[in-house]
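Protein chains: 2
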Amino acid sequence: MLYLGVDLGGTNIKAALVQENGEILREGSRPTKLPRPAEAVCDDIAALCLTLMEEAGCGREEVGGIGVGCPGTVDDATGMVRYSNNLAWKNFPMGQYLQDRTGLRVRLGNDANVAALGEAVAGCAKGADSAVVVTLGTGVGGGVVLDGKMLVGHSGAASELGHMVLNAAANAPLCTCGRRGCFEVYSSATALIRMTREAMEAHPESLMHQLAARDGVNGKTAFDAKAAGDAAGTAVVEEYVHWLAVGVANIINIFFPQVIGLSGGVANQGENLLVPLRKAVEPMVFGHDFADPEKKTRIVCCTLGYRAGVIGAALLAKD
Amino acid sequence: MLYLGVDLGGTNIKAALVQENGEILREGSRPTKLPRPAEAVCDDIAALCLTLMEEAGCGREEVGGIGVGCPGTVDDATGMVRYSNNLAWKNFPMGQYLQDRTGLRVRLGNDANVAALGEAVAGCAKGADSAVVVTLGTGVGGGVVLDGKMLVGHSGAASELGHMVLNAAANAPLCTCGRRGCFEVYSSATALIRMTREAMEAHPESLMHQLAARDGVNGKTAFDAKAAGDAAGTAVVEEYVHWLAVGVANIINIFFPQVIGLSGGVANQGENLLVPLRKAVEPMVFGHDFADPEKKTRIVCCTLGYRAGVIGAALLAKD
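These protein sequence lines are chains Z and X, in that order.
The opening residue of the first sequence carries number 1 in the working numbering; numbering runs sequentially from there.
The opening residue of the second sequence carries number 1001 in the working numbering; numbering runs sequentially from there.
FYI, nobody ran anything at the bench for these hints, they're computed from the structure.
Hints are supplied without guarantee of correctness; some may be wrong.
Unchecked claim - To give an idea of the interface, some chain X residues facing chain Z are shown, with a C-beta separation under 10 Å as derived from the structure: (1) 1073; (2) 1157; (3) 1167; (4) 1256; (5) 1259; (6) 1280; (7) 1282; (8) 1283; (9) 1291; (10) 1292; (11) 1297; (12) 1299; (13) 1301; (14) 1305; (15) 1306.
As the list claims (entries may be wrong) - Partial selection, computed: residues in chain X whose CB lies under 8 Å from chain Z: (16) 1050; (17) 1146; (18) 1148; (19) 1153; (20) 1250.
Ideal Cβ placement from N, Cα and C applies to all residues, glycine included.
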């Protein structure tokens, strides 16, 4: 059986026709063209799905369903997109609408959760019994997959790992959610850039100024400066890694997953990030002194890139 | 079919013969009599189980297995107690040992997780799809139950909710785990007593001094003072509830469970604790502005008391 996976973003609709093992047979995309009505966006999703099937020469009977990863809060049981700030949708019956236009069964998931499902089943955590994906991008997103199932909770709301408070102090940085000291205000790419700017202000001598003059201040600036031996850049990376470690260790102490996969812009640092992170996390894990070394959580980078979304969505449809 | 549930504590071994629905048919207990060898403790567990069966007049063929809730880290798959600080056991093959002496299949779980399973399936969260139990005792323990299954993670280690850092500041109180600012150092009964003592020192006029002269300083002192209108006692309760709310809100943002059940000494405050807690948690929940009121997490007190352990253990054996 084949499955259609759709990753609905604010800029593009991506879709793929996917095999049971998570391999992509065919993929395509369309611009989301916001703002426009939910119905118009869904008409394009349906058309894209039918086009992929046609291009692959496969009939409706060969496709087990459509899975959609959607930004915001969805209720899979009723097929409703309850609220999406990015799409400006509220209580839209996406499941029914898409089913009417394609004749296929539709499953809905939050986009971060669905991408985590893709990584857990077919990417960085393939074969693992449990995985948590942490996305270090504009914010900190997350998805938890236990025994092949996404953790969506009673409300169907996403696993909002980014809004776990790590620092409940009154002077902690303010989060977009309205609280202070969330994981997101320390470990997003946005946070790394904030820390970089603060260090540049305090250190006019830092190499980071030259690097920023060329490319602007971005999530690579401090890492590049550290690689060149710059002290202020090194301190920024150390601070960033410290906070990321606090959040990752909390996730381990709660879930003890087999794998934690990092994705998003900052994760492109690969081993530059992973090596100090693993070292910082180790002593923070509860019971690390007597833990079975073979049962320790592996901290890795995600491997599927943007395809995690469409693959995970297809795997949700298969569920 | 019936199941035997054992709650192995540092002071007492409690056991019960339990029906499939979680109702207790017969129960009993023996002193644990530590320190003594693991084998001797397990001989008493086996004898207690066989006695309960005999007293109930039920044969081996009517009993589906024994479940044991054990303090420390267990590996249910291999039947090993990997490490228990309370019992001073390390890598003891409890499952095999008990099976040899009873002829019954044995399942192992961490005691806090197993008690959470009891509350989730047969207690405060009966009928819920997901529940998190937070025990406010000497430390902060926890157990997570999703679709009737305990979350034990890849390592089999407990869901160590108490060792989620809420305040990563360098001046945060030190936890017994070696880190600072854990949920446990703010929300355990021990923490409440520490806050009470600090407030008493700062406020010689407080009613708490009179209350403490009678009963000593305990987890009730500040609550009782608040009930009598004492300002310093009220401030202690407000501070305690604030931190408990931060931890509970983190748990909600991660799991969005249907129910959070509080147990342990502080939970005996019942509505005195729950009313201000629910009020403090509400604005901390991610997406609370647009959440479906019917899908909100219910925050309640646990209902099974000490029986949660034996009932949960029996339900584990049933699994």
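Problem set entry | Hint numbers contradicted by this structure | 6, 7, 12, 13, 14, 15, 16 and 18
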